[in-house]
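Protein chains: 2
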Amino acid sequence: MRNQMAQKCYNTNMKASIITIGDEILLGQILDTNSCYLARELARVGAETIEMRSVADTHAAILHAVEETFLSSDVVLVTGGLGPTKDDITKQTLADYFHTTLERNAQAEEWLQLLLAAQPERLKNPYNESQVFLPRCCVPLRNRKGTASGMWFEKDGKILVSLPGVPFETETIFPQEVLPRLKAKFTSLNVRYKMLTVYQVPESDIAQRLEKFEKSLPNGISLAYLPSPGFVRLRLTAKTNPDDLPILFEQLKKEISDFSFLENTSEKNEENIALRLRAAGKKIACAESCSGGNIAHLITSVAGSSAYFLGGVVAYANEVKTAVLGVRPEDLKQYGAVSQTVACQMAQGVRRLTGADYAVSTTGIAGPDGGTAEKPVGTIYIGVSGPNGTTAKKYWFAHTRERNIGRASVQALVDLLAEIEKK
Amino acid sequence: MRNQMAQKCYNTNMKASIITIGDEILLGQILDTNSCYLARELARVGAETIEMRSVADTHAAILHAVEETFLSSDVVLVTGGLGPTKDDITKQTLADYFHTTLERNAQAEEWLQLLLAAQPERLKNPYNESQVFLPRCCVPLRNRKGTASGMWFEKDGKILVSLPGVPFETETIFPQEVLPRLKAKFTSLNVRYKMLTVYQVPESDIAQRLEKFEKSLPNGISLAYLPSPGFVRLRLTAKTNPDDLPILFEQLKKEISDFSFLENTSEKNEENIALRLRAAGKKIACAESCSGGNIAHLITSVAGSSAYFLGGVVAYANEVKTAVLGVRPEDLKQYGAVSQTVACQMAQGVRRLTGADYAVSTTGIAGPDGGTAEKPVGTIYIGVSGPNGTTAKKYWFAHTRERNIGRASVQALVDLLAEIEKK
Chain A
0 MRNQMAQKCY
10 NTNMKASIIT
20 IGDEILLGQI
30 LDTNSCYLAR
40 ELARVGAETI
50 EMRSVADTHA
60 AILHAVEETF
70 LSSDVVLVTG
80 GLGPTKDDIT
90 KQTLADYFHT
100 TLERNAQAEE
110 WLQLLLAAQP
120 ERLKNPYNES
130 QVFLPRCCVP
140 LRNRKGTASG
150 MWFEKDGKIL
160 VSLPGVPFET
170 ETIFPQEVLP
180 RLKAKFTSLN
190 VRYKMLTVYQ
200 VPESDIAQRL
210 EKFEKSLPNG
220 ISLAYLPSPG
230 FVRLRLTAKT
240 NPDDLPILFE
250 QLKKEISDFS
260 FLENTSEKNE
270 ENIALRLRAA
280 GKKIACAESC
290 SGGNIAHLIT
300 SVAGSSAYFL
310 GGVVAYANEV
320 KTAVLGVRPE
330 DLKQYGAVSQ
340 TVACQMAQGV
350 RRLTGADYAV
360 STTGIAGPDG
370 GTAEKPVGTI
380 YIGVSGPNGT
390 TAKKYWFAHT
400 RERNIGRASV
410 QALVDLLAEI
420 EKK
Chain B
0 MRNQMAQKCY
10 NTNMKASIIT
20 IGDEILLGQI
30 LDTNSCYLAR
40 ELARVGAETI
50 EMRSVADTHA
60 AILHAVEETF
70 LSSDVVLVTG
80 GLGPTKDDIT
90 KQTLADYFHT
100 TLERNAQAEE
110 WLQLLLAAQP
120 ERLKNPYNES
130 QVFLPRCCVP
140 LRNRKGTASG
150 MWFEKDGKIL
160 VSLPGVPFET
170 ETIFPQEVLP
180 RLKAKFTSLN
190 VRYKMLTVYQ
200 VPESDIAQRL
210 EKFEKSLPNG
220 ISLAYLPSPG
230 FVRLRLTAKT
240 NPDDLPILFE
250 QLKKEISDFS
260 FLENTSEKNE
270 ENIALRLRAA
280 GKKIACAESC
290 SGGNIAHLIT
300 SVAGSSAYFL
310 GGVVAYANEV
320 KTAVLGVRPE
330 DLKQYGAVSQ
340 TVACQMAQGV
350 RRLTGADYAV
360 STTGIAGPDG
370 GTAEKPVGTI
380 YIGVSGPNGT
390 TAKKYWFAHT
400 RERNIGRASV
410 QALVDLLAEI
420 EKK
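Protein chains in written order, with numbering that gives the first Met the number 0: chain A, 0 to 422; chain B, 0 to 422.
Bound-form chain A, shown alone (with noise of 0.2 Å):
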């Protein structure tokens, strides 16, 4: 009984409101990551995201931002403001909001010694001392990539966390220190969910399929379709009974057997592809004209890649397409870059030149020129070769030169991963 008074739980569901301070984003010099990083992991957890502001680096921003989403929220996530150049504005106006004062911490310092100890030179700056005085009343949270502590506080049953404003220090201290704390508080976090991803089935048709599945579903059961180009994310999600979602996925794989789907996906396809290439063993490789080298940068920024990445061509110039990939210079000509023909020599030409089991390859305009009557911009080829042979397909993106490039990318690796995952 002690214990349950000790550890206050609530049940309602928890609404959250995320501020970030800086200057530089208020500037536009910075892209605020970190609301959209905070907001997802919340949402996968279950809680309400209600708003995000970013404000100045003043007193009186911060303050103002502080008292009306408090108002409104149960938890403030606060980001930005802690570097040991930011004069204390943040942490001062905490202390202020929260009627305490700044005092050295015993704790942040033992870790600020810890990190300094290891990382002597990256972290060496003379305005670090200041990093130990935290509000009085604060739970310090441990910051293991960087010098500035985060701060835990409590006030009238609502919660304020207070954390630093780079990105991987705030991707470090979200999982390991904020968010088991926040799932002891909240009893209505512990959500759980099953994800899958449909590839190439349009929404709509995916829509009809589940509808009634939909409709049958229990109370606190839901299914969300997260929709991107050329696949569709499913999530079902149990608020309560979490013991009726095996079953419930089991049935969800049932209806929709015929479609090409994968479990337990990522929203990024890279790392479906991590997945699958890591289970069977196998090689890729790209040749890639319009998508100018992106493939490669979305394989390669998963951890390991090189365990199943052998490499790349960017094949800009038709010189290098038939030199370096082995393109027929008759069919370059006859067929012109932009074929199903040069879309499947390129394919061919970089498994042949790295020795990789399967390969993908793009050739297209990206625009904003280049395009003619017959070939708009926006028209891409998309080539896969395998085990099973050579195949191209033609798309039309009729977006801008990034959004173009982008597309082109992402559909290429929805098409390697169809043809790996055909039987």
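All clues stand as given, with none of them false.
In silico lysine-lysine, BS3-like type, Cα no more than 25 Å apart, as pairs:
hint, chain 1, residue 1, chain 2, residue 2
1, A, Lys157, A, Lys238
2, A, Lys332, B, Lys282
3, B, Lys144, A, Lys393
4, A, Lys144, B, Lys393
5, B, Lys374, A, Lys144
6, B, Lys211, B, Lys193
7, B, Lys421, B, Lys282
8, B, Lys267, B, Lys392
9, A, Lys282, B, Lys332
10, A, Lys421, A, Lys393
11, A, Lys374, B, Lys144
Computed spacing ranges between beta-carbons, pair by pair:
hint, chain 1, residue 1, chain 2, residue 2, range
12, B, Glu66, A, Thr239, 32 to 40 Å
13, B, Gly325, A, Thr57, 51 to 59 Å
14, A, Asn263, B, Asn387, 48 to 56 Å
15, A, Phe258, B, Glu401, 26 to 34 Å
16, B, Gly370, A, Ser227, 28 to 36 Å
17, B, Gly303, A, Asn127, 43 to 51 Å
18, A, Lys182, B, Glu66, 32 to 40 Å
19, A, Glu210, B, Gly325, 54 to 62 Å
20, B, Leu274, A, Gln339, 29 to 37 Å
21, A, Arg351, B, Thr32, 33 to 41 Å
Calculated directly from the structure, the hints in this document are not laboratory data.
Idealized CB from N, CA, C, for every residue including glycine.
Let chain A serve as the given structure and place chain B on it in line with the hints.
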């Protein structure tokens, strides 16, 4: 006189707030890039963004955010919540806020017809009809990239602008339709500035050199430092006395004449490279190991890059380094893949393979695994080959995989640019 009355002008500093609307943002499913884009464009003309908010797609949340931000700002920019399937919540909320109703707007209807005639397939949507209903009191703003018109409202001498949430639509309407109207309203926005980028000199060294120059600047003219890894952009801004700007800029250049710098530069070095290579008529190529295609991706993100970028090789596996790039197997064995020797041979190899004038290469340990005591994670060699010979430098970026790849790529572009700039 009448004209002046009709065209109210404000000479104060313009304060703006930015509101982005969308459940996808609050769920962390999409990253809000509009706020950053708008804040950067506003900063460029001397306006101050005092706050950014992201709120849910509901009447209450939108109304609350508009009411609050309108109190503290001269201009409120709203993006999102205007898609054809969004149930018109945003438009209805704005109509309520401005005490008016939605009605069919003849101008918006004409624009929609023109757009649908040009791209019937892409824009076909049964809900398009709703797009021509706008609040009575707004000035519609033409959207040349999508079906939702922007809207311009004025009230009590303040301005609210509503734009669609799709980034490339916002990025089209803002410069075409919004910025000129804002400049007509706020004479303070006619800020002039000149930029240059200094390469490979630490910010503190530049600041020391320019201390006297900065102190000597007349009122209304200021120097800003925008540091990035490997380079610092300097912006000389004239809020008043624009005629002094060219003279002072020449003086600034003289002060740092022994540093390596470029004028009129973009924040993106891939665009600066484009500028230089087009002027010089030279061609480039790249050979990437640890950067995994990201350098090629950055270079080809620039429209028209096929004029100077021949292509590249992503040599992830050692076999690709030897077979395709001609790296000597005995050197690989003796010095390891992550070495100055291999970086040089990779740059030379791709230059020979493609016939490029200049080539850049990377080889290193992006992490999180693969580091050793001698070559810890983040150790990266960048090679540059050109008419003046071939060299390679060692760097250590002790970060996450993503950041190590990003830093290595930016540094490679900086080193390539420095080589091209060499007299």
